[in-house]
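Visitor: Those protein sequence lines, which keep their order, are chains C and L.
As numbered in the working numbering, residues 2 to 355 make up the first sequence, in order.
As numbered in the working numbering, residues 2 to 355 make up the second sequence, in order.
What the hints contain is simulated information worked out from the structure, not anything from laboratory work.
Hints may contain errors.
Heads up, the list lumps identical chains together, so a pair's fine if it works in one copy or across two of them.
Here are the simulated lysine-lysine pairs, DSBU-like style, with alpha carbons at most 35 angstroms apart [what the hints assert, rightly or not]:
id, residue 1, residue 2
1, Lys108, Lys234
2, Lys108, Lys192
3, Lys123, Lys108
4, Lys325, Lys192
5, Lys108, Lys325
6, Lys123, Lys192
7, Lys124, Lys234
8, Lys124, Lys192
9, Lys234, Lys325
10, Lys234, Lys192
Note that the coordinates shown come from a computational prediction; the quantities given were computed from them, not determined experimentally.
Number of protein chains: 2
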Amino acid sequence: MAQQPSMYTDVSDIGEFGLIAHLRDTLGPDVPDEVHTGIGDDAAVIRQSDGRVQAYTTDSLIEGVHFDRTFMPMEHLGFKLMSVNVSDLAAMNVSPEYALITIGLPKNITVEHLRTLYEGIKKACDAYGITVVGGDTTSAHALTLSVTAWGSAEAEAVVQRSGAQVGDAICVTGDLGASYAGLKILADERKRLEDEGDDFEPALDAFPYVIRRHLAPPAQEASVRRWRNAGFKPHALIDISDGLSSEIHHICEAGDVGARLFAPTLPIHPETRSVADHFGDDVDVYAFFGGEDYELLFTADESDLDALDETTYTIIGEVTDASKGVLVEQGDGTAIPMQPGGFDHFDENDDGAA
Amino acid sequence: MAQQPSMYTDVSDIGEFGLIAHLRDTLGPDVPDEVHTGIGDDAAVIRQSDGRVQAYTTDSLIEGVHFDRTFMPMEHLGFKLMSVNVSDLAAMNVSPEYALITIGLPKNITVEHLRTLYEGIKKACDAYGITVVGGDTTSAHALTLSVTAWGSAEAEAVVQRSGAQVGDAICVTGDLGASYAGLKILADERKRLEDEGDDFEPALDAFPYVIRRHLAPPAQEASVRRWRNAGFKPHALIDISDGLSSEIHHICEAGDVGARLFAPTLPIHPETRSVADHFGDDVDVYAFFGGEDYELLFTADESDLDALDETTYTIIGEVTDASKGVLVEQGDGTAIPMQPGGFDHFDENDDGAA
Numbered sequence: 002m003a004q005q006p007s008m009y010t011d012v013s014d015i016g017e018f019g020l021i022a023h024l025r026d027t028l029g030p031d032v033p034d035e036v037h038t039g040i041g042d043d044a045a046v047i048r049q050s051d052g053r054v055q056a057y058t059t060d061s062l063i064e065g066v067h068f069d070r071t072f073m074p075m076e077h078l079g080f081k082l083m084s085v086n087v088s089d090l091a092a093m094n095v096s097p098e099y100a101l102i103t104i105g106l107p108k109n110i111t112v113e114h115l116r117t118l119y120e121g122i123k124k125a126c127d128a129y130g131i132t133v134v135g136g137d138t139t140s141a142h143a144l145t146l147s148v149t150a151w152g153s154a155e156a157e158a159v160v161q162r163s164g165a166q167v168g169d170a171i172c173v174t175g176d177l178g179a180s181y182a183g184l185k186i187l188a189d190e191r192k193r194l195e196d197e198g199d200d201f202e203p204a205l206d207a208f209p210y211v212i213r214r215h216l217a218p219p220a221q222e223a224s225v226r227r228w229r230n231a232g233f234k235p236h237a238l239i240d241i242s243d244g245l246s247s248e249i250h251h252i253c254e255a256g257d258v259g260a261r262l263f264a265p266t267l268p269i270h271p272e273t274r275s276v277a278d279h280f281g282d283d284v285d286v287y288a289f290f291g292g293e294d295y296e297l298l299f300t301a302d303e304s305d306l307d308a309l310d311e312t313t314y315t316i317i318g319e320v321t322d323a324s325k326g327v328l329v330e331q332g333d334g335t336a337i338p339m340q341p342g343g344f345d346h347f348d349e350n351d352d353g354a355a
Numbered sequence: 002m003a004q005q006p007s008m009y010t011d012v013s014d015i016g017e018f019g020l021i022a023h024l025r026d027t028l029g030p031d032v033p034d035e036v037h038t039g040i041g042d043d044a045a046v047i048r049q050s051d052g053r054v055q056a057y058t059t060d061s062l063i064e065g066v067h068f069d070r071t072f073m074p075m076e077h078l079g080f081k082l083m084s085v086n087v088s089d090l091a092a093m094n095v096s097p098e099y100a101l102i103t104i105g106l107p108k109n110i111t112v113e114h115l116r117t118l119y120e121g122i123k124k125a126c127d128a129y130g131i132t133v134v135g136g137d138t139t140s141a142h143a144l145t146l147s148v149t150a151w152g153s154a155e156a157e158a159v160v161q162r163s164g165a166q167v168g169d170a171i172c173v174t175g176d177l178g179a180s181y182a183g184l185k186i187l188a189d190e191r192k193r194l195e196d197e198g199d200d201f202e203p204a205l206d207a208f209p210y211v212i213r214r215h216l217a218p219p220a221q222e223a224s225v226r227r228w229r230n231a232g233f234k235p236h237a238l239i240d241i242s243d244g245l246s247s248e249i250h251h252i253c254e255a256g257d258v259g260a261r262l263f264a265p266t267l268p269i270h271p272e273t274r275s276v277a278d279h280f281g282d283d284v285d286v287y288a289f290f291g292g293e294d295y296e297l298l299f300t301a302d303e304s305d306l307d308a309l310d311e312t313t314y315t316i317i318g319e320v321t322d323a324s325k326g327v328l329v330e331q332g333d334g335t336a337i338p339m340q341p342g343g344f345d346h347f348d349e350n351d352d353g354a355a
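Chain C on its own, in the form it takes in the complex (with noise of 0.2 angstroms):
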């Protein structure tokens, strides 16, 4: 049969935001008074008839699309999947009080994996604060965790990522790109045990951090509490799940803001620096392209930082006016334009709308 002009549009020509833009338009732009934040933050917003809100945020975990059973514990599985979640959560300044959890299981799954996954889950609750009230579970053809975790706030509480003002202080939590620099090595092996058959020997006690903080990222639940007994509210808020530059993008497109960073001051682990050196590859786009961080970006009065501990956070630029665009310093003083960039969503992370 001749080849005939498709019908059909491929998902990847309109993307994650085309797609979370067109389930918008459809379900109708119209929601009630009682939302406060709706699809497209990080989590959903909703005013309770008590004055507080709640927020609501979901995140999935899929097997060969997120993480690679072969490297991957069950257990810190198990904590990754809160993490991302309550992160999601973090990044609205609200900390997480319930959960539900989706378990699809594939053939090739044990009890014994799944009681491990579970211990990792509990470790994380009993981290975060959270009760896992109810869930589902199902068959399915990987591995498929689902999480719908949720907290409540006072309203005045709650930070978007839209609130940034021009001369504000850009700040992140942590240190950046430690999650790629261990999937890098994750990755490494992974090439090894192929190539080397039963020769393979692992070889990651070199790198513990960045492994770890790829296997079982802890989310910045605490960084919110230490700001709420600060007293201290950023202007906007969002968490690094996509990598600094994506992340930067949305703060100043949802504020209609422009921002500088600062790349020297960028805050990178030594043994982040480390696997870069080892790998030949340039430590900043572990940190501006990485992703998976789930570090907080925010943005404040800079007179408002010194309610802080400044081990806490790291100033890494200013709001500029939108007219500016996003650029980045480097050591020399000159200045270049910043794409969005980041991983692309339907490869390697999800953490769609809400």
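Starting from the known structure of chain C, arrange chain L on it as the hints suggest.
Guide: For chain L alone, kept in the frame of chain C given last:
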């Protein structure tokens, strides 16, 4: 290598309910006072600070597990996705208000498929009064759809599966076995398609009711609203997702009661009978074990039923002492014990905890 005895336990050895018990044990039986209903009912129920409660459920539909895209129009799939979740809330006597939708996309899906899926979701949201506030999009091995839905209610309005009283009438909404009859027709079409190849001509027109009941079942949200308006409240309530037999056993176990069902009273649509006749099957098997009817099974004081329009429910039995077990009385007055039976969750159905 010689085969070693396995250190591992197959999931099928402990089953879905065994897994849920493991999860509950691992995460600890100590839940906060705010948890009205935790793991194990159709939905989780959380007390709010204003004295009301919120009920939460999550349910998934996975291609190749819960549906066959060959015979599942995308619009119906979107509608069914919402119905299976709304049904779990209706099973707590709660109407839905909000939902998060997660969509896992295989490579062979197009934007046009998704638009049509969204249309079905939109229709269901309009029918059930749901606002979609967010979700997640990711890639997946097969089309993977997951929803979390929730709604609020007066605390006293919530009905659990555990409240049946000896002497209660056992009732169902709608009719039973139609979804399974529809599945039989579709499976037969699929077989004919494989056998006949290019000569295959679809023959779906003869059974529109049962096919629709399988592809786009309505949830009984309207029943719940009618009950609320009539001031009616059942003693025990569950939705019939896994078949009448399985669900009546859940009600009896949770309430520590028995049941006597009257087989001749089971409400069965004429078209469902025609399909059973067509295949030479016993239609009662469809009604007892078919599953996916998404009707409500409830028990109530018979005098309370006077508040309801009698065309909206059918009395199919009575609640007895636990020592009597679950019996089915035939037309000739003989009664036989009934096993839970129904379909294996890991092959046909999901609808796990919560």
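Visitor: Cα distance capped at 35 angstroms. Does Lys325 pair with Lys192 within a copy, between copies, both, or neither?
Guide: Classified as neither; 43 angstroms inside a copy, 63 angstroms across copies.
Visitor: Measure nothing new, just compare the shortest in-copy and cross-copy C-alpha distances for Lys124 and Lys234 to 35 angstroms and report within, between, both or neither.
Guide: Within one copy only: 28 angstroms inside a chain, 40 angstroms across chains, cut-off 35 angstroms.
Visitor: When no copy is specified for Lys234 and Lys192, does a C-alpha distance of 35 angstroms or less occur within a copy, between copies, both, or neither?
Guide: So Lys234 and Lys192 fail the 35 angstroms test inside a copy (45 angstroms) and across (62 angstroms) alike.
Visitor: Within a copy, between copies, both or neither: which one fits Lys108 and Lys192 at a CA-CA cutoff of 35 angstroms?
Guide: both (26 angstroms within a copy, 25 angstroms between copies)
Visitor: My question is about Lys108 and Lys234: at a cut-off of 35 angstroms on alpha-carbon distance, are they close within one copy, between copies, both, or neither?
Guide: Answer is neither: 47 angstroms inside a copy and 42 angstroms across each miss the 35 angstroms cutoff.
Visitor: If the cutoff is 35 angstroms on CA atoms, where do Lys108 and Lys325 land: within, between, both or neither? Let me know, please.
Guide: neither (54 angstroms within a copy, 38 angstroms between copies)
Visitor: One pair to classify: Lys123 and Lys108, alpha carbons no more than 35 angstroms apart. Within, between, both, or neither?
Guide: both (24 angstroms within a copy, 34 angstroms between copies)
Visitor: For Lys123 vs Lys192, is the C-alpha pair at or below 35 angstroms within one copy, between two copies, both, or neither?
Guide: within (32 angstroms within a copy, 45 angstroms between copies)
Visitor: With 35 angstroms as the alpha-carbon cut-off, assign the pair Lys234 and Lys325 to within, between, both or neither.
Guide: Within one copy only: 26 angstroms inside a chain, 62 angstroms across chains, cut-off 35 angstroms.
Visitor: Under a CA distance limit of 35 angstroms, which applies to Lys124 and Lys192: within one copy, between copies, both, or neither?
Guide: So Lys124 and Lys192 pass the 35 angstroms test inside one copy only (31 angstroms; across, 48 angstroms).
When the structure is compared with the earlier hints, violations turn up for hints 1, 4, 5, 10 and for no others.
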